[in-house]
Amino acid sequence: MGNIILEMKNITKEFPGVKALDNVNLVVEEGEIHALVGENGAGKSTLMNVLSGIYPYGTYTGDIVYKGEVCKFQKIKDSEEKGIVIIHQELALVPYMSIGENMFLGNEQGSKAAIDWNKTYAEADKFLKMVGLSESSRTLIKDIGVGKQQLVEIAKALAKNAKLLILDEPTSSLNENDSRALLDLLLEFKKQGLTSIIISHKLNEVSYVADKITVIRDGSTIETLDKAVDDISEDRIIKGMVGREMTDRFPKRTDVKIGDVAMEIKDWTVYHPQYEERKVVDGVSMNVRKGEVVGIAGLMGAGRTELAMSIFGKAYGTRISGQLIINGKEVKLKNIKDAIKHKLAYVTEDRKGNGLVLTNPIKVNTTLANLSALTKNRVIDKDKEYMVAEEYRDKLKTKCPTVEQNVGNLSGGNQQKVLLAKWMFANPDILILDEPTRGIDVGAKYEIYCIINDLVAAGKSVIMISSELPEVLGMSDRIYVMNEGKMVGEMAGAEASQESIMSCILKS
Amino acid sequence: MLNKFLNGLRDNTMLIVLVVVVLFFNFTTHGTMLQPSQFNALITQNAYVYVLATGMLMCMLTGGNIDLSCGSFVCLVGVFGAKIMVTKGLPISLGIIVMLLIGIVYGCLLGFIIAYVNIPPWIATLAGFLALRGWGVALMKGASNISPLPASFCNVFTGKMNDLFGGPRINGVQYNMTSIVVGVVICLVAAFLLFNGRATKLKKGYQADSLGTVIFKTVVICAAIMLFAYKLSLAGGIPFALLWVAGIVVIYSFITSMTDFGRYFYTIGGNAEATRLSGIDTKLIMFFAYLNMAILTVVSTFLTMSRFQAANSTAGTNYEMDAISACVVGGVSAYGGSGTVFGMIIGATLIGAINLGMSLMGIDANWQKVVKGVVLLGAVVFEILNNKKKAVK
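Chains as they are written, first to last, in our numbering: chain A, 1328 to 1835; chain B, 6 to 398.
Treat each hint with caution, since some may be false.
[Unchecked claim] Here are the simulated SDA-like cross-link-like pairs (lysine to any residue), alpha carbons at most 20 Å apart as the crow flies:
id, chain 1, residue 1, chain 2, residue 2
1, A, 1709, B, 210
2, A, 1703, B, 393
3, A, 1668, B, 281
4, B, 393, A, 1711
5, A, 1709, B, 205
6, A, 1641, B, 281
7, A, 1709, B, 207
8, B, 209, A, 1710
9, A, 1711, B, 266
10, A, 1664, B, 262
11, A, 1679, B, 281
12, A, 1661, A, 1644
Hints listed in this document are in silico derivations from the structure and should not be mistaken for laboratory results.
Let the hints inform the model, and build the full structure from the sequences given.
Dropping the structure here:
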């Protein structure tokens, strides 16, 4: 057993009206990878913000003991000086600056009067090599992918002489390959004595990489599991997170009759809107039946979102070709309005970016895609609008004080429900759900799955795009596998496995 | 109960500030501020701001987009109008039609460049700001103004309504009965809307204000309207400028709060991409915002020209800033997505009242600018702090 590098004792942090952390205790040993898991809003990020000095000493109670010394951090700089470096979920890199400039932002190399650029880039290259990046440090951040950006963040942390690295959801925007590479890198650094704390929702990664797992629920520490002693299977961790056995992570779908083909595409090809010679979707054919959930698996960047959006009234791409057949008739959709009229809905993967109007109330968001159902001579029937919003709040069990509440103030899971409500109110027959459970907690996921089941039970068709293989396997009647713009496999849900899907991708 | 009252105060802070400012100036000017003639001046001098700020509001809602060219456009359109009506001596109706057509052409051009070519609005309109005034002044060939405009034209925009009822003359003061009658009618309509709204809500089983609150609101609103009508009655009747402003304000208030078309301006400002993916033609809405702005600018030109009875090379100077200030002080978000016509009216009136009050006190014009700058900044800072407080709650 190593030495204890960090001990957080009885940390309590209150926000006006909420106790975000309640007597949380965390013990981290030197040279281990310690995972912090819990549902959204359990308090993981708050705890790490306390540790890194974002919430300064005095705004919380309790002690932080780091290397045997009680620390009173006033700001991030204080904790970084001690070697505690946090990498946030949202990458904090400046896109139009080079890798080197980003790495030493706030920590510029050279004299007080001028930056020594040669030193900056030489140092930067050294750290890039350590994280296994072959890019020149003069490359602009915008020109490298998210996976590499995440590695740059780690190199940046190392450049700050990190002894204790905190990673908040480091793989949330990475594909499987990049995620695995990142985790292996952490294991590599562990051998060299670096201590890391990793926050993650992806439990398979946690079991893969972590030595110890601390579970936080509702602002309190529930338990700490040790890989050497305890069972750290996913089911065991989930039990700690939600406080009950989750025997079934996916609700049963009973007696749903799968009917005729509702929508079919043939030889669908889409080009990139800016780089017009680049094929993003290449000769894809697929179909979905009434009452069926069809999953589309694939790595990030496989072209799934682009496929979905191009079907949805040409919302993405140029030079779109191919046949689109809805209920046996070929249709040409000119624009999104047309697509909605043909009872199509696309529920975006990016609810904050292009799904919801965060500064507007729930009711406005709920009715936005089908406002014409509530208007007479263009005048909105506001009473009816209120009623509709209330109805969907009940139906989807959205937690909110009133439907007048701004969507921006809701949690991720509840925002996702408002987004679903918006498209359900548009009364579609075919719903394309793009990553419908991204970034929401286990409990809310289960509720979203139930909603999907209700939709197909009502005879609607659902196409579900997801990067989480267990979810695709658990929910789909049929699975398509997509890779680099092409459909590379189709299998029945009951026959598919993680292995068969991955081998489809790798052999393509 | 007290809490509810305090919330009500917070939501109407700017209105309260306006009342306090007016009372303050009334005190410092020994009652001159609220004299009927000054009251009339406040309306006619500021009519252009309300009209321009209405257009600006629609642009700002779509994401903090502004139109810097409207002041210069007032100058250019005015010159064209005056050339037709004064220099060439052609009919007034032709002048009005041509001016409106120029507005539509410019609005379409601006809307196209901004919505479909994706030029940032402030750059596209900065070009207009420079070019339009230059063109206007060049057309005047060295003259500083073209005048006099036909009286029948000016009268439509700055005249006063005849007294239809022949008001009494008491103690040497002429009372205008029409203003009083119109005031009473508006009071009745307002009261009907308030009580009817409550009744409908109750009938459909929604939460509604208590009867006491509605009565209180009605009394306050009616008192304000009647005070207004009384002052106008003493000042010689309802100015046409007020009718123009009132008409525009009522129409746009309705559009922004009650129609789907108006709703889209807000959602685009909140999240343009989400709005587009909801099947709404966001480019068309942007196009309309600027087309609308240009047309309202022409209306504003009518009001400005007829007040000066001339087309002026300096007409419209800083009007764009006046309109933006009115919106911002009135709580329209500089990032788009929120703001109301009512708020804008309060903002414009507050700035107008400060202008008038300081002029009456004889404060130097430069110091007036300093005060206005401070008020503008203060309003925005207050708005942001207030929103933060709400978010925490």
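For each hint, the structure was consulted:
1. A:1709 to B:210: 14 Å, holds
2. A:1703 to B:393: 37 Å, violated
3. A:1668 to B:281: With Cα atoms ~15 Å apart, residue 1668 (chain A) and residue 281 (chain B) stay inside 20 Å; holds.
4. B:393 to A:1711: 31 Å, violated
5. A:1709 to B:205: 12 Å, holds
6. A:1641 to B:281: Roughly 12 Å separates the two Cα atoms, so the pair holds.
7. A:1709 to B:207: 14 Å, holds
8. B:209 to A:1710: 8 Å, holds
9. A:1711 to B:266: 17 Å, holds
10. A:1664 to B:262: 23 Å, violated
11. A:1679 to B:281: Cα-Cα ~14 Å, so holds.
12. A:1661 to A:1644: This hinted pair holds, its Cα atoms lying about 13 Å apart.
Figure legend: structure checked against the earlier numbered hints; hints not met, in rising order: 2, 4 and 10.
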